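S.K.: The lines below spell out each chain.
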Amino acid sequence: MAAVVTVQNLRKRYRRRDPWAVDGVTFDLQPGQAFGLLGPNGAGKTSVVKMIAGLLRPDSGSITLFGTEPGNPVARKDLGFSPEDPDFPKFLRASEVLDYFASLLGLDGAERKRRIPETLAFAGLDTEHRQIRQYSKGMKQRLGIAQAILGRPKLLVLDEPTADLDPIGRRDVRALIERLKESGVAILLNSHLLSEVERVCDTVAILARGRVLKEGTMAEVVPEGSNLEDVFVQLVEANQPQRDHLPSFISDATP
Amino acid sequence: MNGSGAVARYTLVELSRRRILLVFFVLGAVGIIALGIGLKVLYQVASSNPRGFGNGAVDPATFDHFLELLFVSYLFQALAVFALLIAYAIGMTAIYHDLDSGAAVSIFSKPVSRLAFATGKVGAAVVGLIAIVGLLALEARLVMFLFGGGLENALTGQLIAVMANAIVVMLIVLSLSTWINNILAAVVTFIYFNVITGIITTLHLVADAGVIGNTAVRNVFDVLYWLVPHQLVSSAVRDLAQAEIQMSGGVQSNQALASVPAPSGPGDIAWWVFTVFVFAALVYYAVRRRQV
Numbered sequence: 006m007a008a009v010v011t012v013q014n015l016r017k018r019y020r021r022r023d024p025w026a027v028d029g030v031t032f033d034l035q036p037g038q039a040f041g042l043l044g045p046n047g048a049g050k051t052s053v054v055k056m057i058a059g060l061l062r063p064d065s066g067s068i069t070l071f072g073t074e075p076g077n078p079v080a081r082k083d084l085g086f087s088p089e090d091p092d093f094p095k096f097l098r099a100s101e102v103l104d105y106f107a108s109l110l111g112l113d114g115a116e117r118k119r120r121i122p123e124t125l126a127f128a129g130l131d132t133e134h135r136q137i138r139q140y141s142k143g144m145k146q147r148l149g150i151a152q153a154i155l156g157r158p159k160l161l162v163l164d165e166p167t168a169d170l171d172p173i174g175r176r177d178v179r180a181l182i183e184r185l186k187e188s189g190v191a192i193l194l195n196s197h198l199l200s201e202v203e204r205v206c207d208t209v210a211i212l213a214r215g216r217v218l219k220e221g222t223m224a225e226v227v228p229e230g231s232n233l234e235d236v237f238v239q240l241v242e243a244n245q246p247q248r249d250h251l252p253s254f255i256s257d258a259t260p
Numbered sequence: 003m004n005g006s007g008a009v010a011r012y013t014l015v016e017l018s019r020r021r022i023l024l025v026f027f028v029l030g031a032v033g034i035i036a037l038g039i040g041l042k043v044l045y046q047v048a049s050s051n052p053r054g055f056g057n058g059a060v061d062p063a064t065f066d067h068f069l070e071l072l073f074v075s076y077l078f079q080a081l082a083v084f085a086l087l088i089a090y091a092i093g094m095t096a097i098y099h100d101l102d103s104g105a106a107v108s109i110f111s112k113p114v115s116r117l118a119f120a121t122g123k124v125g126a127a128v129v130g131l132i133a134i135v136g137l138l139a140l141e142a143r144l145v146m147f148l149f150g151g152g153l154e155n156a157l158t159g160q161l162i163a164v165m166a167n168a169i170v171v172m173l174i175v176l177s178l179s180t181w182i183n184n185i186l187a188a189v190v191t192f193i194y195f196n197v198i199t200g201i202i203t204t205l206h207l208v209a210d211a212g213v214i215g216n217t218a219v220r221n222v223f224d225v226l227y228w229l230v231p232h233q234l235v236s237s238a239v240r241d242l243a244q245a246e247i248q249m250s251g252g253v254q255s256n257q258a259l260a261s262v263p264a265p266s267g268p269g270d271i272a273w274w275v276f277t278v279f280v281f282a283a284l285v286y287y288a289v290r291r292r293q294v
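Those protein sequences? They're chains A and B, same order as listed.
So my numbering is basically just the index in the first sequence, starting at one, shifted up by 5.
So my numbering is basically just the index in the second sequence, starting at one, shifted up by 2.
One chain only, chain A, in its complex shape (with noise of 0.2 Å):
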């Protein structure tokens, strides 16, 4: 079967005297494949999804998205994304915001009436008449998702999906990527919730400083016995500076 996206050798770096955000990344996707894309903040994560969605260029290396580069719009009909913090025209409602997105991912009317609704409701923002302007950032996450989902895409790119999320925003979220990956869509999931990558995913990847450090299953990954979280944490220790967990002004305080 063909891969969903194929990522080889992907390097990027924002200025050129920073060090590279993005650095050797590898890997590669298949329908109903759900990977997780783990790693401490600034690990390139965001980035990586970033170009495979076609809003970074790469500096070198290369990306195929449904075998063609991420630049050419006919490659992202098929792609949902979730940004992390997504926000959307402040003054379109939530109903507006759909319109204008099903209109570019090429929607007849009769499709739109049918889905928008109905991707409203999932978000539970069916009864908001408000502008955007006026969303909570949960609220703007719930339509970040709701969007990413509106053209039945066969690669989901979720970043942080939940991370403004109540508890049961979370639970419907899961359930919404169980159900996707059931019917062949492939998951890209960037988290810093292991938990939720640990029941969701197929395979991971972890990341740090632009590098991956490993790459498997989630059996090749965490051994028998232990969990993703001590794998994560050991992992990315080991390859970042030692630091002090505390400022010393809180841990040397005397009671």
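Among the hints, erroneous ones may be present.
Just the calculated beta-carbon pair ranges, DEER-fashion [unchecked claim]:
1. B:Val197 to A:Ser256: 50 to 60 Å
2. A:Gln13 to B:Trp181: 25 to 35 Å
3. B:Leu229 to A:Asn244: 22 to 32 Å
4. A:Arg22 to B:Arg21: 35 to 45 Å
5. B:Gly7 to A:Arg138: 16 to 26 Å
6. B:Trp181 to A:Glu225: 13 to 23 Å
Quick caveat, the hints were computed from the structure, so don't treat them as lab data.
These numbers come from a predicted model, not from an experiment.
All C-beta atoms, glycine included, are put in the ideal place defined by N, C-alpha and C.
Given chain A, work out where chain B should sit, using these hints.
M.R.: Same frame as chain A, but now just chain B:
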């Protein structure tokens, strides 16, 4: 082009809900009515005692025509100012807020090309500007009936020139706001379009009128003049100046009219078309290069 229609449509929806545009529109609308009513009241007061005006030398018909000219001349200035304000407001917001807020991340991950996005944005911005300034002009035309009408054609010509100039300003702000902060973009555009271009155009006008005798200096201003956008001017400005000079009983001299810009010729119009294409292409280039 796939998606440009949707981008244009929802950009217009957004623009219609922006308070700053509403404020400029209301100010313009109220200003034009106030101008018309104010001059009409002045006329009523003056016509009740026609001998008291201009040492009794002006008959009521001439005075009526004078007021009409005065109104049209103020109207031109008011329309030009509000068209520019609206151009700055649209230019500062139409693309910048999508890029700044992160809305562009969701938009650009959809199957829409950057060309379609830029085309939709520029199209919506131009339509928005024409609609708002057009409404103000329509109101101005209605107010002109207070004065009996007769100068509507002059208003149409000047309106086209005002809109053409405002479109250039808006495109410059749009392209700059894709690279830099939108307030900075507006400041840079103001300095470039209203200060530098204004100075070069005035000096070129003065040189053309023969005030500058040195041929080399005149040639320098000729070259500079063709390096900046030309503000289009309709024949109405000179016609009005001519009429006002006649009305005030002044001797019409070429020197007095020399300070009034001549109507734009085919060369200026062709240059305007070229600059519009250049700045629209710059908007596209900036959007295309932008990583979000």
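S.K.: If a hint holds in the structure, say so; if it does not, say that too.
M.R.: Okay, the hints, checked on the actual structure:
The supplied range of 50 to 60 Å is met by B:Val197 and A:Ser256, whose beta-carbon atoms lie about 59 Å from each other. For the hinted restraint 25 to 35 Å between A:Gln13 and B:Trp181, the CB-CB distance of approximately 32 Å keeps it satisfied. As the Cβ distance of B:Leu229 to A:Asn244 is approximately 56 Å, the hint placing it in 22 to 32 Å is violated. Take A:Arg22 and B:Arg21: their Cβ atoms lie about 42 Å apart, and the range 35 to 45 Å holds.
For B:Gly7 and A:Arg138, the hinted distance range of 16 to 26 Å is satisfied, since their beta carbons lie about 24 Å from each other. Under the hint 13 to 23 Å, the C-beta atoms of B:Trp181 and A:Glu225, about 46 Å apart, miss the expected range.
In summary, the structure is inconsistent with hints 3, 6 from the numbered list given earlier, while agreeing with the others.
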